[in-house]
Amino acid sequence: MGSGYAWALALVAVATAAALGIDAALALPDVALLYLAAIMLSAAWHGRGPSTFAAAVSVAAFNYFLVEPRFTFEVAEPRYVLTFTMMFGVGLVISGLTSRLRTQQREAEAREAKTHALYALGRALAAASGPEQILRVVVEQARRAFATDVELVEVTGAPSLRSHAEAIATAIDERRVVPSAGALVVPLVAGDAVHGVLVFADPEPVRRPIDPDFLESFVRQGAIAIAQGRAAAGAAQAEGRARAEEVRSTLLAAVSHDLRTPLAVITGAATTLQGERLGEAQRDELLATVADEAERLEQMIGNLLDMTRLQAGGVVLRAQWLPLEEVVGSALLRLERRLGDRPVAVAIAADLPLLWVDPVLLEQALVNLADNALKYSPELSALELRSFVDATRGDVVVIEVLDRGPGLPVGLGPRVFEKFVRGDARDRDGFGLGLAICRAIVELHGGTIAARPREGGGACLEITLPLRVDQPAAAIDAPAVRESA
Amino acid sequence: MTGGGQLVLLVEDEAAMRRFLRASLQAQGFRLVEAATVREALIAVATHNPDLVLLDLGLPDGDGIALTRTIREGSRVPILVVSARGRESDKVEALDAGADDYLTKPFGMNELLARMRVAFRHHGAERGERAPVVEVGELHLDLERRQVVVAGTEVHLTPIEYKILALLGRNVGKLLTHQQILEEVWGPAYATHTHYVRVHMAELRKKIERDPARPRILVTEPGVGYRLRDRDDAARG
Numbered sequence: 030m031g032s033g034y035a036w037a038l039a040l041v042a043v044a045t046a047a048a049l050g051i052d053a054a055l056a057l058p059d060v061a062l063l064y065l066a067a068i069m070l071s072a073a074w075h076g077r078g079p080s081t082f083a084a085a086v087s088v089a090a091f092n093y094f095l096v097e098p099r100f101t102f103e104v105a106e107p108r109y110v111l112t113f114t115m116m117f118g119v120g121l122v123i124s125g126l127t128s129r130l131r132t133q134q135r136e137a138e139a140r141e142a143k144t145h146a147l148y149a150l151g152r153a154l155a156a157a158s159g160p161e162q163i164l165r166v167v168v169e170q171a172r173r174a175f176a177t178d179v180e181l182v183e184v185t186g187a188p189s190l191r192s193h194a195e196a197i198a199t200a201i202d203e204r205r206v207v208p209s210a211g212a213l214v215v216p217l218v219a220g221d222a223v224h225g226v227l228v229f230a231d232p233e234p235v236r237r238p239i240d241p242d243f244l245e246s247f248v249r250q251g252a253i254a255i256a257q258g259r260a261a262a263g264a265a266q267a268e269g270r271a272r273a274e275e276v277r278s279t280l281l282a283a284v285s286h287d288l289r290t291p292l293a294v295i296t297g298a299a300t301t302l303q304g305e306r307l308g309e310a311q312r313d314e315l316l317a318t319v320a321d322e323a324e325r326l327e328q329m330i331g332n333l334l335d336m337t338r339l340q341a342g343g344v345v346l347r348a349q350w351l352p353l354e355e356v357v358g359s360a361l362l363r364l365e366r367r368l369g370d371r372p373v374a375v376a377i378a379a380d381l382p383l384l385w386v387d388p389v390l391l392e393q394a395l396v397n398l399a400d401n402a403l404k405y406s407p408e409l410s411a412l413e414l415r416s417f418v419d420a421t422r423g424d425v426v427v428i429e430v431l432d433r434g435p436g437l438p439v440g441l442g443p444r445v446f447e448k449f450v451r452g453d454a455r456d457r458d459g460f461g462l463g464l465a466i467c468r469a470i471v472e473l474h475g476g477t478i479a480a481r482p483r484e485g486g487g488a489c490l491e492i493t494l495p496l497r498v499d500q501p502a503a504a505i506d507a508p509a510v511r512e513s514a
Numbered sequence: 357m358t359g360g361g362q363l364v365l366l367v368e369d370e371a372a373m374r375r376f377l378r379a380s381l382q383a384q385g386f387r388l389v390e391a392a393t394v395r396e397a398l399i400a401v402a403t404h405n406p407d408l409v410l411l412d413l414g415l416p417d418g419d420g421i422a423l424t425r426t427i428r429e430g431s432r433v434p435i436l437v438v439s440a441r442g443r444e445s446d447k448v449e450a451l452d453a454g455a456d457d458y459l460t461k462p463f464g465m466n467e468l469l470a471r472m473r474v475a476f477r478h479h480g481a482e483r484g485e486r487a488p489v490v491e492v493g494e495l496h497l498d499l500e501r502r503q504v505v506v507a508g509t510e511v512h513l514t515p516i517e518y519k520i521l522a523l524l525g526r527n528v529g530k531l532l533t534h535q536q537i538l539e540e541v542w543g544p545a546y547a548t549h550t551h552y553v554r555v556h557m558a559e560l561r562k563k564i565e566r567d568p569a570r571p572r573i574l575v576t577e578p579g580v581g582y583r584l585r586d587r588d589d590a591a592r593g
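Just so you know, the sequences run in chain order A and V. For what it's worth, this note's numbering labels the leading residue of the first sequence as 30, then goes sequentially. For what it's worth, this note's numbering labels the leading residue of the second sequence as 357, then goes sequentially.
Chain A on its own, in the form it takes in the complex (with noise of 0.2 Å):
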């Protein structure tokens, strides 16, 4: 600060310098205007205290150097009185005024880096995901925003170990701002509950306070912020166990209930064949039971291991150039058995490209939707598959699954694909997992499946899955072919 009133000194000597250099040429009134000029700049750039020093030394100059009889203090004319103090009032009010508004300039800065700060802050807490994350952002903004060492400690900590321990149990027992030696003791207060402690470093708490204000609502938007997080991811984890906990439930009463009714139907034919004595068509028809109630097992299991499977990432695409026809017929061969007499209307675009698919995984799904198709459809309505490339869709490929059943069930929207989700609760042939595995092959190939009510009533299930431009090279090996036989 002491730079100021040097800089004054030196700003009227040069007004002092000039003064003499032009003194020739113009009057002494005229002259008096460079020492206000000398006063202005010392208030612009220094303030009140340097400024009214300036005007004073500018009179004490004025005199000394310029007014006769010159080198001397004395006065010769009692009219440069007057000149002298007019000199040194309108020194202080410029003073005054280009000082006031420097401190005002001052605030105005001061309040935009505020605001700034703060703005920074909101924006990086809303690219934060996570409490740990957002914790890691307030303190970074802190050091930032105040341009000083920031720690964080966290509530759960033990605060004996560290410095300021004691103002740190003080800042939490009583949610105030406590300085300590060096540094400021902040806690992070939301709702009822302190989040964290931040520790300021505070080297110069004269010289360049920490602005109270400020830091209070810097704080308390982060503390809000680690608030909303915190909650956010109890919410999320409180969620995700209530689900894991309705996945597990139902799964157990799918293992216990649903794998049991087989498993007992074939025990008791079993049984029965071992030891009662019985005509052929009796026998005949235990024998059917067991074969069919076996076959419904495996599948169950099938189901059951397909999906945790490809739940636990388990499953490689092992993804090939093929057309399209190749897995719906081994689909609808797989099934030849539950279809008996179904009509099957297949309709495939003849200018379907070939797809970049996981036959084994593509088949399966397939048979999954044509599967959800037929136990929901009337005995004997067709089973339709139409697909084709829908192009204002951004290019994709799109298999649909269509029926004539009761459409979709009233509700469920897109947790028909939901693991556990049956469209009919006494639907006992599976575990609801059906669509959740044609779900998870799709989207490991990129693609999408959605339910919609078809036209005329029914269902169309509809896969889609990305059209690759990289067609590989006809598959037509040179003349040979060419030639028909």
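Treat the hints with care, since some could be wrong.
[As the list claims (entries may be wrong)] Computed from the model, here is a short list of chain V residues facing chain A with C-beta under 8 Å:
no.	residue
1	Pro544
2	Ala547
3	Thr550
4	Gly579
[Stated by the list, open to error] Interface residues of chain V toward chain A, partial, derived using beta-carbon atoms under 8 Å:
no.	residue
5	Ala371
6	Met373
7	Glu444
8	Val555
9	Pro568
10	Pro571
Quick caveat, the hints were computed from the structure, so don't treat them as lab data. A virtual CB, placed ideally from N, CA and C, is assigned to each residue, including glycine.
Starting from the structure of chain A, add chain V where the hints point.
Relative to chain A, chain V alone:
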């Protein structure tokens, strides 16, 4: 009764599976040697010279695929591998290593017997008892006259299509991997171009199958290969 006293080597570590297969195969008139490990299996192949090996790929002490390769080094005995669903790559490896066919657990007895019949027949055919005409469903394939007739009408195939059909026809009922078909029809240089086979197969089906969308003669084993269905198979299906 299917078996005519042929000796079957059953390589399976599960006692329950062995029990069921023993009872069923013996009832069908087969004789049986059992092995629970790769080691026992190798000894049994050397000492008993079985007519067919039924091999479970999930053995505790080793690799069924390596065992297949080892057996193939010294013997043409038919090998049927048994493995679980979802292990298609194992099946392909076993077939490419020289296994004749595979069965997916769980399988029915008539499925097993049908596969065994096919394997025995091909083993016989390799010794010069090859049938020149293959009849499956509506398909009549004359390998000597290179003639293809479907439901009484002659069908014209491109050379590649005929080559594929003839290959499957010579191996009727047997599963051929994409690899095996590519190597036979296009040559070893094309072994990775599986989509060649798939595209021509689709064309072939349009000419041979009554409903190409639901093939019943040229069937796909997803992720593994193709099979020209055996007469019994096609009738059953």
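To see whether the hints hold, each was checked on the structure:
1. Pro544: Not OK, violated: Pro544(V) not within 8 Å of chain A, min 14 Å.
2. Ala547: Hint on Ala547(V): violated, closest Cβ of chain A at ~13 Å, above 8 Å.
3. Thr550: 6 Å, holds
4. Gly579: 4 Å, holds
5. Ala371: 18 Å, violated
6. Met373: 14 Å, violated
7. Glu444: The hint holds - Glu444(V) has a Cβ within 8 Å of chain A, the shortest such distance being about 5 Å.
8. Val555: Holds. Min distance 4 Å.
9. Pro568: Holds: closest Cβ of chain A sits about 7 Å from Pro568(V), inside 8 Å.
10. Pro571: Nearest chain A Cβ about 5 Å off; hint holds.
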